[in-house]
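Engineer: Residue numbers (my numbering), protein chains in the order written: chain S, 346 to 456; chain Y, 16 to 135.
Since the hints were derived computationally from the structure, they do not count as laboratory data. Model, not experiment: these values are computed from the prediction. Yeah, the Cβ is synthetic: ideal placement off N, Cα and C, and Gly gets one too. Any given hint could turn out to be false.
[As the list claims (entries may be wrong)] Derived DEER-like restraints, expressed as beta-carbon distance ranges:
#: 1; chain 1: S; residue 1: G346; chain 2: Y; residue 2: E78; range: 16 to 22 angstroms
#: 2; chain 1: S; residue 1: Q390; chain 2: Y; residue 2: Q44; range: 17 to 23 angstroms
#: 3; chain 1: S; residue 1: K401; chain 2: Y; residue 2: Q57; range: 27 to 33 angstroms
#: 4; chain 1: Y; residue 1: R131; chain 2: S; residue 2: E414; range: 36 to 42 angstroms
#: 5; chain 1: S; residue 1: E414; chain 2: Y; residue 2: G31; range: 52 to 58 angstroms
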Amino acid sequence: GNSVTQMEGPVTLSEEAFLTINCTYTATGYPSLFWYVQYPGEGLQLLLKATKADDKGSNKGFEATYRKETTSFHLEKGSVQVSDSAVYFCALKAAGNKLTFGGGTRVLVKP
Amino acid sequence: GAVVSQHPSWVICKSGTSVKIECRSLDFQATTMFWYRQFPKQSLMLMATSNEGSKATYEQGVEKDKFLINHASLTLSTLTVTSAHPEDSSFYICSARDPRLAGGSSGELFFGEGSRLTVL
Numbered sequence: 346g347n348s349v350t351q352m353e354g355p356v357t358l359s360e361e362a363f364l365t366i367n368c369t370y371t372a373t374g375y376p377s378l379f380w381y382v383q384y385p386g387e388g389l390q391l392l393l394k395a396t397k398a399d400d401k402g403s404n405k406g407f408e409a410t411y412r413k414e415t416t417s418f419h420l421e422k423g424s425v426q427v428s429d430s431a432v433y434f435c436a437l438k439a440a441g442n443k444l445t446f447g448g449g450t451r452v453l454v455k456p
Numbered sequence: 016g017a018v019v020s021q022h023p024s025w026v027i028c029k030s031g032t033s034v035k036i037e038c039r040s041l042d043f044q045a046t047t048m049f050w051y052r053q054f055p056k057q058s059l060m061l062m063a064t065s066n067e068g069s070k071a072t073y074e075q076g077v078e079k080d081k082f083l084i085n086h087a088s089l090t091l092s093t094l095t096v097t098s099a100h101p102e103d104s105s106f107y108i109c110s111a112r113d114p115r116l117a118g119g120s121s122g123e124l125f126f127g128e129g130s131r132l133t134v135l
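Pulled out of the complex, with its shape left as it was, chain S reads as follows (with noise of 0.2 angstroms):
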C-alpha cells in the first residue's frame, strides 16, 4: 500500500537557520505530493504541492523537488523565521481521492 515516510521531530533550531526535513514515499502509479503545515491551534493548511517528477513546489520561501528516483520529497527553506514554527506534514494523493499522511514533522524556531 502507499506510505509517507518522514523524520522525527521536534526539530529545533535558530532564526535563519536552514531548515530541511526529509520525506520518503512508498505507492503505486505516479502521486502527487504535498506538504501541509499546521501552526499552533489550526487546521491543516497546504504548503505546496508538485504533481510529476522534477517538478518543484514552492510557497512562503519553502522549497520541494518531486523526486522520482529517489522517491522524495524533502522540504527545505533557506532562512527560518520564529513564525515557522509549526507542525509540517508530507503527504500522498495516489489513484483516488485519499491522501496518505506522513506522521508529521515539530519544528521549532527560537529567535
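Assemble chain Y onto chain S, guided by the hints.
Structural biologist: What follows is chain Y alone, placed relative to chain S:
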C-alpha cells in the same frame, strides 16, 4: 482559499454519551468530505469518506456503528461518536475539496480547525 469550519472546537463528555461534531464548507459545496483522527504526536488517520446523499465509506478497522457519519447537504457533514469511551478521546479533523478549483485531481484539501474530544 476555501473555508471549512468545524464545531465544536473542543468538547468534554462523560463515558457512554454520544457526541456530534459538525463540519461545514462555508463558501463552496462539497459532495465529498473526509474525516480524520489525529492521535497525540502522530499523523492523521483517515477514518471515512463522507458522500452527500449516500452512505459513508469507512476505512478498514473503523467501526461504522461507533462513528456515525451523515452528509445531509452539500455544505454539512456530521460525525457522531456513539457511546463514547475514554479511548475515543482524540482530535478529529474534517476536510473537503473545493470542486471549483481547476484540476480536481490536484488533491488539495481544505481542513477544518479540528475538534478535540475528551471523554471522561
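Engineer: Next, verify each hint and record whether it holds.
Structural biologist: Checked hints:
The hinted window of 16 to 22 angstroms between S:G346 and Y:E78 holds, with their beta carbons roughly 21 angstroms apart. Between S:Q390 and Y:Q44 the C-beta distance comes to about 21 angstroms, which sits within the given range of 17 to 23 angstroms. Distance hint check for S:K401 and Y:Q57: the Cβ-Cβ separation is about 29 angstroms, which falls inside the suggested range of 27 to 33 angstroms. With their beta carbons about 41 angstroms apart, Y:R131 and S:E414 fall inside the hinted range of 36 to 42 angstroms.
Between S:E414 and Y:G31 the beta carbons are some 54 angstroms apart, a value that agrees with the proposed interval 52 to 58 angstroms.
Violation of the numbered hints given earlier is absent; every hint is satisfied by the structure.
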